[in-house]
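Residue-level listing of the chains:
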Amino acid sequence: MPIGGIIIEPGNSKNYKTGSWRTFRPITDLKRCIHCMQCWVICPDDAIAVKNNKRIETDLDFCKGCGLCAEICPVKCIEMKKESEFNCNKKIKNKKM
Amino acid sequence: MKNMKPLTGTEAASYAMKQINPDVVAAYPITPQSDIMHGFSQYVADGKVDTDLIRVESEHSAMSACVGASAAGARVMTASSSQGIALMHEIIYIASSTRLPIVMNVVNRALSGPINIHCDHSDTMAERDSGWIQMYCETAQEVYDLTILAVKLSEHKDILLPVMVCQDGFITSHGVEPVKLINEKKVKKYVANYKPKHSLLNIKKPITVGPIDFYDFYFEHKRQQVDAMQKAKSIYPKMAKEFSKVCGKNYRYIEPYKTKDADHVIITMSSTAGTTKEVIDVLRKKGKKVGLLKIRMFRPFPNKEIVKELKNKKTIAVLDRAASFGAEAPLYSEIRSSFYEEKNKPEIFSYVFGLGGREINPGMIERVYSELISGKAKKENYLGVRE
Chain A
1 MPIGGIIIEP GNSKNYKTGS WRTFRPITDL KRCIHCMQCW VICPDDAIAV KNNKRIETDL
61 DFCKGCGLCA EICPVKCIEM KKESEFNCNK KIKNKKM
Chain B
1 MKNMKPLTGT EAASYAMKQI NPDVVAAYPI TPQSDIMHGF SQYVADGKVD TDLIRVESEH
61 SAMSACVGAS AAGARVMTAS SSQGIALMHE IIYIASSTRL PIVMNVVNRA LSGPINIHCD
121 HSDTMAERDS GWIQMYCETA QEVYDLTILA VKLSEHKDIL LPVMVCQDGF ITSHGVEPVK
181 LINEKKVKKY VANYKPKHSL LNIKKPITVG PIDFYDFYFE HKRQQVDAMQ KAKSIYPKMA
241 KEFSKVCGKN YRYIEPYKTK DADHVIITMS STAGTTKEVI DVLRKKGKKV GLLKIRMFRP
301 FPNKEIVKEL KNKKTIAVLD RAASFGAEAP LYSEIRSSFY EEKNKPEIFS YVFGLGGREI
361 NPGMIERVYS ELISGKAKKE NYLGVRE
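The listed protein sequences derive, respectively, from chains A and B. Going letter by letter, the first sequence gives residues 1 to 97 in the working numbering. Going letter by letter, the second sequence gives residues 1 to 387 in the working numbering.
Hint data in this document are derived by calculation from the structure and do not stem from the laboratory. Among the hints, erroneous ones may be present.
To be verified - Covered stretches of chain B, as calculated for chain A (at least 3 residues, CB under 8 angstroms):
| no. | region |
| --- | --- |
| 1 | 93-107 |
| 2 | 197-207 |
| 3 | 213-224 |
Each residue gets a CB set at the ideal place from its N, CA and C atoms; glycine is no exception.
Kindly generate the complete structure, drawing on both the sequences and the hints.
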């Protein structure tokens, strides 16, 4: 491990998966989603994934569960559910030291 | 004698800085340190060095500028005292934890309050757990030599820790002494060029300095600091020996004075060691078996070496120029802890003295020895105070 807390590998924040901090998980009903992209704009963690101009599932590796997407959604198709309701088998693992 | 020059402690520090010619110096004036920067800024103005001298609006900014410059890969030095160090406190920890080899000349001065400009060690004792190496100098000669050594020590690839080189405010800093100077070419050859492993200015290998460091990595970084201090302890004797070829004197962690056959020993740091040597010479003529152990390096603390030197003594008086309110005085506490594992340990007494520049004279030190010899010393004593 480099000394002094310096980071010698540029761009490695991608390896720091902040999804483990989450206590609420956004569940998006993509059938009702109108793909207005307001959630994509407001998400502070860049966790709203987009493919072919369509919003797809939230990237749970980085979503901290702040709920801003659910708040701004004009059709209210995002619901914040307690993380404890989900099976926690698939734990998020951070990069090893 | 042609290499001898009459210098004050502060002049000795700035002259060493001139010969080292650091890349960056950032400092803010404060009594009694100001003379160091006064002298050094004259060298800058006269073109004797090519240092970038950054004038800042506070010590907090001074140390911040030092941290930035050091992270950029520069050889960096600064100087301060008392309140200045207190204001730097936040960044002092950042310098050591970021592992930046900054060298700071400290002129020890009592911390406020009440406000005081004279000598005691409360300012640097407050930084004893900051992760800086701390050296305490008895004379201007030591200040000069150890400032040069400190540069090499801090930049050693297995150490990379900042160093404080401390001298006593006014007593050492403003008193003139003969100082034996090293030829400038020799100094430059000894300190050589600083080649950092990582540098913010190396755009081919971009790095991040000072990122957030939570529960998943912070502890390991602190453990690395502990290791670095231990390495400093094991590497220092070899470095001091090497440096003795340059300066002519081997600066050990500790300096014993007539301890070999002594029964009663005083342990102290900085200029008071000089006064104690005078008293020892007088008492020795009267047949008293007394000695001194001067502690030169306080961090890392040379506990094993101290015990090895003094385990067969009858009594030890530890003279602290700082108090720790609600606990034992700092040096006394370290010494007592060092002897904990020993079966036959000397009796150890604490003497707090000289706070806020209160006089410490040969008569007072003689009284300490006579209390040790007669067995009249109390466990904790305050030398020279009105009770």
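inquiry  = Which constraints among the numbered hints does this structure fail? Numbers only, ascending.
reply    = Hints that this structure does not satisfy do not exist here, as all of them hold.
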